[in-house]
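S.K.: Work out the full structure: start from the sequences and follow the hints.
Residue numbers (full-length UniProt numbering), protein chains in the order written: chain F, 1 to 251; chain Z, 1 to 400.
For the record, the hints were derived by calculation from the structure and aren't laboratory data.
Do not rely on the hints blindly, as some may be mistaken.
[Claimed, not checked] Some chain Z residues judged to face chain F by a derived CB distance under 8 Å, without partners named:
no. : residue
1   : Thr307
2   : Val313
3   : Thr348
Every residue, glycine too, gets a C-beta built ideally from N, C-alpha and C.
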Amino acid sequence: MAIPAPDHRTTHPPIVAATNVTKVYTRGSGPGRFGRLLGRSEPPTVEAVSDVSLTIQPGEIVGLAGPSGSGKSTLLHLLAGLEVPTEGSVQFQQTDIASYSTRRRTRLRLEEIGIVFQRFHLVDSLSARANVALPLVELGVGRRKRRERATEMLDRVGLGDRLGHKPGELSGGEQQRVAIARALVTDPALVVADEPTGELDTETGEQILAEFRRVATERTVVLASHDRETLAIADRIVRLHDGTIVEQGDE
Amino acid sequence: MSLRTRLTRWSGLVTVSVRRTLSRATDTDQQRIQFTVLGVAVTIALLVVVTGIGVGLATSTTVYDDDVDYWIVPETDGDRSLLVATDQPQFGSVHEANDRIRDHDDVTFASPVLAEVLRAEHGDASEFVLVVGVVNSDGLDQVAGISTTGLSADDPYYDGGERTGEAVLSQSGAELLESPPGERITIANEEFTVEHTDAGNMGAGGVPIALVQLSELQELTGADEYDQADQFVVGTTTPEVQSDLEGLYPESNVHTRGEMTAAEIADSDISLALALAAFVVSLVIGTLFVLTTAGLEIVADRTQLATMSAIGVTTRSQLVLTGVQTMILTGLGGLVGSIGGLGLIWLTNTVAMETLTTEPIAVSHPLFVAYGVLVALVIGVVSLPYLLVLTRRVTGGVPS
Numbered sequence: 001m002a003i004p005a006p007d008h009r010t011t012h013p014p015i016v017a018a019t020n021v022t023k024v025y026t027r028g029s030g031p032g033r034f035g036r037l038l039g040r041s042e043p044p045t046v047e048a049v050s051d052v053s054l055t056i057q058p059g060e061i062v063g064l065a066g067p068s069g070s071g072k073s074t075l076l077h078l079l080a081g082l083e084v085p086t087e088g089s090v091q092f093q094q095t096d097i098a099s100y101s102t103r104r105r106t107r108l109r110l111e112e113i114g115i116v117f118q119r120f121h122l123v124d125s126l127s128a129r130a131n132v133a134l135p136l137v138e139l140g141v142g143r144r145k146r147r148e149r150a151t152e153m154l155d156r157v158g159l160g161d162r163l164g165h166k167p168g169e170l171s172g173g174e175q176q177r178v179a180i181a182r183a184l185v186t187d188p189a190l191v192v193a194d195e196p197t198g199e200l201d202t203e204t205g206e207q208i209l210a211e212f213r214r215v216a217t218e219r220t221v222v223l224a225s226h227d228r229e230t231l232a233i234a235d236r237i238v239r240l241h242d243g244t245i246v247e248q249g250d251e
Numbered sequence: 001m002s003l004r005t006r007l008t009r010w011s012g013l014v015t016v017s018v019r020r021t022l023s024r025a026t027d028t029d030q031q032r033i034q035f036t037v038l039g040v041a042v043t044i045a046l047l048v049v050v051t052g053i054g055v056g057l058a059t060s061t062t063v064y065d066d067d068v069d070y071w072i073v074p075e076t077d078g079d080r081s082l083l084v085a086t087d088q089p090q091f092g093s094v095h096e097a098n099d100r101i102r103d104h105d106d107v108t109f110a111s112p113v114l115a116e117v118l119r120a121e122h123g124d125a126s127e128f129v130l131v132v133g134v135v136n137s138d139g140l141d142q143v144a145g146i147s148t149t150g151l152s153a154d155d156p157y158y159d160g161g162e163r164t165g166e167a168v169l170s171q172s173g174a175e176l177l178e179s180p181p182g183e184r185i186t187i188a189n190e191e192f193t194v195e196h197t198d199a200g201n202m203g204a205g206g207v208p209i210a211l212v213q214l215s216e217l218q219e220l221t222g223a224d225e226y227d228q229a230d231q232f233v234v235g236t237t238t239p240e241v242q243s244d245l246e247g248l249y250p251e252s253n254v255h256t257r258g259e260m261t262a263a264e265i266a267d268s269d270i271s272l273a274l275a276l277a278a279f280v281v282s283l284v285i286g287t288l289f290v291l292t293t294a295g296l297e298i299v300a301d302r303t304q305l306a307t308m309s310a311i312g313v314t315t316r317s318q319l320v321l322t323g324v325q326t327m328i329l330t331g332l333g334g335l336v337g338s339i340g341g342l343g344l345i346w347l348t349n350t351v352a353m354e355t356l357t358t359e360p361i362a363v364s365h366p367l368f369v370a371y372g373v374l375v376a377l378v379i380g381v382v383s384l385p386y387l388l389v390l391t392r393r394v395t396g397g398v399p400s
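M.R.: Laid out in structure tokens, this is it:
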């Protein structure tokens, strides 16, 4: 769960590490048995991430930078266990999560990893509080504690007066803050965010980044973005191009 | 995970599903959700109407009648028609009673009916025929499906007149006895003249029938001592006469012709078949409807399902959400459909009583609401496996 930030880079084992990770996507479906018999060729493939190794220490804020199609979102999804690598391994707290079953990876995300998406991805038929409380339902937390915890998290992101509002009734910035509250409600060790300010105007984007700065004092954060302002909060920036790491350095 | 935690999780998931479904039905996804509910509701409403009519037939409260005819029958003979009951309790002093009925302003015709199976002969031909005695009058066009044309009015022999010896033979009777109009036949050793033969329109197949004057048949069978008859047939312009007819004899029942028919239909299990067919058809149509609309709903919901998966909601929990949502929607459809079905029954009965009948066609009962909801839930249960498989297929991955 939450890990203190100081002196993390060398004294603790990495919270998440990718070793020689390659991710290949297939475009379209395969030919199948009959298709092969009829001589149909295999569909084309795309190597989104190619032989990437990356280690992230507890408490670190890492920014994944690069142009569109550079593989930063794919690498982020691999680190969060949303996808499994075609080759190589992803170790979360020193355990290879690529070998986990889908169910176990889902459970890992529930307990240890908070995810924030560019397009917020809230459940539009539930209120802000119900959205934030959703992971707690899965954890089997009782109704009263769920409400208390979700209210507390929404208070922390400045939405204490928007508890009953549905996503459609909230601005883009407010929706992203609900998404951040949802990502933090289970107190995860790692928070990953894919273009968290991508859908927001500059002012709202700055507010969201301020939230991330606050979040980062308590846990490890990995951000994928091509926005300079967003990446400015990172301790270390990993730059990708055509699926490979081309550069990485502090801040 | 402890049992308590599991139960808490389950109750939480059910709460989320209920909130989500109601919110979508009223706010975020009204059209698609309402379409699913409406589809089930229409199916269940039709089921309830057909079942109401089926139960109506089975309980013999149903009436089909195009000229408001009543049958007055002894109480123990209540559900038998003329053609199958010739040896039941009889009414007495029927000529006098018949006069009283005719005196009613709204009665267009009335006649006691006495039926006996007797041997009829003509030359070498000899057959048992159903001899039906009536008191002919204007408006009494047919009895037992045979035209009364050729019978003198008002049963003159009873009033001290000459014996007429008139008989009207059904077509089958005339053929069996080889007796065209004008021939003389013998029934129970008394001579009758065939005044008319009639093909008739009754559903009694080839049963040979002879219509004669009531008092002349009474004399043949010994029923003249107490002026007896099996039943009365009454024609009227208004159903309000029924209550007066009910007071004619203390132990009698008043039925419309349609009730006799309906009772026979019920005896043949058609009502059960009707209700069963309605159940099966509703189940199939309702299930197909739910599969289509809820299936589209799940496919359209794939991003949200992927989001739930991404934040840690397991596929199993998502299946619970889908399952609960399906049962809520089908249950809601069942409730709306059942209430709508009761409304349709009322409408059907109202229209039928305005145009065709004197009594309700279909039975309406509050239990139909429970029945409709139950069938709707069965539709939900039958639909569940496919919807759960679909949910499992579309969930997971990265929300786009």
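S.K.: Provide an ascending list of the numbers of those earlier hints which the structure does not satisfy.
M.R.: Violated hint (a single one): 3; every other hint is consistent with the structure.
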